[in-house]
Amino acid sequence: MYGSKLDWLSQHISLADYFRQTQQLLPDSFENLQGQTNAFSFSYYGLLRPDVLVSYLFPNIPIHFFIIGYATLLWSSTGGLCYCWLRNKGYKDSICFFSSICCICANCFFQSHQQIMFIEILPFLFLSMILVDKNKRQWISLCVCMALFHNYFYTPGMILILLLYDYDQNHTIKDILIPILIGIGMATILWLPTGYLILNNHKSVVQTNLFNLLIPNFTLKGLVYDSYGCGLTVISWIALFQGIQFEKTRKLSILLILMFVFPMFSYILNGTLYARTKILVLCLPLVFMILSYWLQERKLNKGLLVLAGLFLCTKTTLLGLLISLVFIGYYFMDKKECLMMYALVPMIVFTGFNYNQCLDLKLYNSMYSKDKQKLMQRNDLNQRTADLDQVGYSVNRIYDPKEMRHQVIRQQAILYITLSFMTL
Numbered sequence: 059m060y061g062s063k064l065d066w067l068s069q070h071i072s073l074a075d076y077f078r079q080t081q082q083l084l085p086d087s088f089e090n091l092q093g094q095t096n097a098f099s100f101s102y103y104g105l106l107r108p109d110v111l112v113s114y115l116f117p118n119i120p121i122h123f124f125i126i127g128y129a130t131l132l133w134s135s136t137g138g139l140c141y142c143w144l145r146n147k148g149y150k151d152s153i154c155f156f157s158s159i160c161c162i163c164a165n166c167f168f169q170s171h172q173q174i175m176f177i178e179i180l181p182f183l184f185l186s187m188i189l190v191d192k193n194k195r196q197w198i199s200l201c202v203c204m205a206l207f208h209n210y211f212y213t214p215g216m217i218l219i220l221l222l223y224d225y226d227q228n229h230t231i232k233d234i235l236i237p238i239l240i241g242i243g244m245a246t247i248l249w250l251p252t253g254y255l256i257l258n259n260h261k262s263v264v265q266t267n268l269f270n271l272l273i274p275n276f277t278l279k280g281l282v283y284d285s286y287g288c289g290l291t292v293i294s295w296i297a298l299f300q301g302i303q304f305e306k307t308r309k310l311s312i313l314l315i316l317m318f319v320f321p322m323f324s325y326i327l328n329g330t331l332y333a334r335t336k337i338l339v340l341c342l343p344l345v346f347m348i349l350s351y352w353l354q355e356r357k358l359n360k361g362l363l364v365l366a367g368l369f370l371c372t373k374t375t376l377l378g379l380l381i382s383l384v385f386i387g388y389y390f391m392d393k394k395e396c397l398m399m400y401a402l403v404p405m406i407v408f409t410g411f412n413y414n415q416c417l418d419l420k421l422y423n424s425m426y427s428k429d430k431q432k433l434m435q436r437n438d439l440n441q442r443t444a445d446l447d448q449v450g451y452s453v454n455r456i457y458d459p460k461e462m463r464h465q466v467i468r469q470q471a472i473l474y475i476t477l478s479f480m481t482l
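Heads up: the sequence shown begins at 59 in the numbering used here, then just goes up one per residue.
Keep in mind that the hints were calculated from the coordinates and are not lab data. Built from N, CA and C at the ideal position, the CB exists for glycine as well. Check each hint, because a few of them may be wrong.
Here are the computed distance ranges between Cβ atoms for each label pair [claimed, not checked]:
no.	residue 1	residue 2	range
1	Lys-192	Leu-313	21 to 31 Å
2	Leu-111	Leu-250	10 to 20 Å
3	Cys-416	Leu-111	23 to 33 Å
4	Leu-250	Arg-334	41 to 51 Å
5	Gly-450	Phe-269	14 to 24 Å
6	Glu-395	Arg-334	35 to 45 Å
7	Gln-303	Leu-380	20 to 30 Å
8	Cys-142	Glu-395	43 to 53 Å
9	Gln-431	Met-399	33 to 43 Å
10	Ser-134	Leu-64	46 to 56 Å
Straight-line alpha carbon distances no greater than 27 Å define the calculated DSS-like cross-link-like pairs of lysine-lysine that follow [what the hints assert, rightly or not]:
no.	residue 1	residue 2
11	Lys-192	Lys-279
12	Lys-150	Lys-357
13	Lys-306	Lys-432
14	Lys-63	Lys-192
15	Lys-393	Lys-420
16	Lys-309	Lys-63
17	Lys-63	Lys-360
18	Lys-150	Lys-432
19	Lys-432	Lys-394
20	Lys-150	Lys-194
21	Lys-394	Lys-63
22	Lys-232	Lys-147
23	Lys-150	Lys-393
24	Lys-309	Lys-373
25	Lys-360	Lys-420
26	Lys-232	Lys-357
27	Lys-373	Lys-147
28	Lys-232	Lys-279
29	Lys-357	Lys-306
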């Protein structure tokens, strides 16, 4: 099954299925879950997302069909929108196709069957950039609104990247501010109560050492290979350095290099919560724009190539560098056909990374046990219950609308099981 353990199974599927069972669009609270919880505690997991809302109309179809289908639809749409965006900017078809293949095979799309909200915001970012180029900024409001419904935590970062793109292309941001504000206002129904809830239930996080944010991180996890970053291949890092030689892309290339090296930028995009690199996935369009510009200009600066190579010191990145150098050597010797040959590299990397990563169907079936459902239906439950079978996955699984769940965490489950054995 195109899913995964833990977050996908215990939250994305279970909560979406529960939303559908309640048959309420915006309830005050979910009384069945975790000892009765405010409904907006779960807004991060698709409370008003289109696939979840559409599933309300088809209660007899298993929820995973909607979640999987919608995730793959947005994933493929990201590649298609990347191609259309670059083609509208005047790049050759072969280069647009190559960049869109690199986009759709980026390792960040590993999250399309893991923590799906990380990447479901990307199609709306690409579409917003298309609207900026076509001078149809009024429709950006819908993109911002939909982005907030999919991932309100990443949307501020998306807005910053969009403002950066508009300023880089048109040297102004005033024409885009009003559509963005309208989009934010349209999504108030979700983010305002959610934000109020977060402020009133603020949990202290590990304090970040500001000095550490200024120390460069040369692992490049935010850009190369890692699934909790952009997950691109080494050619993208080389392209950022090659972009410095062109006046049109110089400032943006330098800024992106700094963003992938210094944790401070991740910290800012994450709203000063932490400095995790997964937020840098929002930089994907800008990286592909510079990559496409360099490939179209076909101008190689050997000094910048050596400088980029100095950052690639691990075994994996060194291998990627060698493969990239072979491609670059052929491509800049008027053998343009090797462009499509290199497209096999991200495809192989992505396939190898995702091989055997999907959910075991037996585990899913045990979560949606018909026997447990019958057990709940034929008993009058006057007290809250806890499912100690696969507690890490079943914590949000409701088998019947009359079932009331305890707020069970893993440590409590171990205690319950221990006491049960002692009683026996």
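Status of the hints after comparison with the structure:
| no. | hint | in the structure |
| --- | --- | --- |
| 1 | Lys-192 <-> Leu-313: 21 to 31 Å | holds, 24 Å |
| 2 | Leu-111 <-> Leu-250: 10 to 20 Å | holds, 19 Å |
| 3 | Cys-416 <-> Leu-111: 23 to 33 Å | holds, 26 Å |
| 4 | Leu-250 <-> Arg-334: 41 to 51 Å | violated, 25 Å |
| 5 | Gly-450 <-> Phe-269: 14 to 24 Å | violated, 37 Å |
| 6 | Glu-395 <-> Arg-334: 35 to 45 Å | holds, 40 Å |
| 7 | Gln-303 <-> Leu-380: 20 to 30 Å | holds, 23 Å |
| 8 | Cys-142 <-> Glu-395: 43 to 53 Å | violated, 24 Å |
| 9 | Gln-431 <-> Met-399: 33 to 43 Å | violated, 52 Å |
| 10 | Ser-134 <-> Leu-64: 46 to 56 Å | violated, 25 Å |
| 11 | Lys-192 <-> Lys-279 | violated, 33 Å |
| 12 | Lys-150 <-> Lys-357 | holds, 16 Å |
| 13 | Lys-306 <-> Lys-432 | violated, 65 Å |
| 14 | Lys-63 <-> Lys-192 | violated, 42 Å |
| 15 | Lys-393 <-> Lys-420 | violated, 50 Å |
| 16 | Lys-309 <-> Lys-63 | violated, 42 Å |
| 17 | Lys-63 <-> Lys-360 | violated, 46 Å |
| 18 | Lys-150 <-> Lys-432 | violated, 60 Å |
| 19 | Lys-432 <-> Lys-394 | violated, 63 Å |
| 20 | Lys-150 <-> Lys-194 | holds, 24 Å |
| 21 | Lys-394 <-> Lys-63 | violated, 43 Å |
| 22 | Lys-232 <-> Lys-147 | holds, 22 Å |
| 23 | Lys-150 <-> Lys-393 | holds, 15 Å |
| 24 | Lys-309 <-> Lys-373 | violated, 30 Å |
| 25 | Lys-360 <-> Lys-420 | violated, 54 Å |
| 26 | Lys-232 <-> Lys-357 | violated, 34 Å |
| 27 | Lys-373 <-> Lys-147 | violated, 36 Å |
| 28 | Lys-232 <-> Lys-279 | violated, 34 Å |
| 29 | Lys-357 <-> Lys-306 | holds, 14 Å |
The structure fails to meet hints 4, 5, 8, 9, 10, 11, 13, 14, 15, 16, 17, 18, 19, 21, 24, 25, 26, 27, 28 from the earlier list, while all remaining hints are met.
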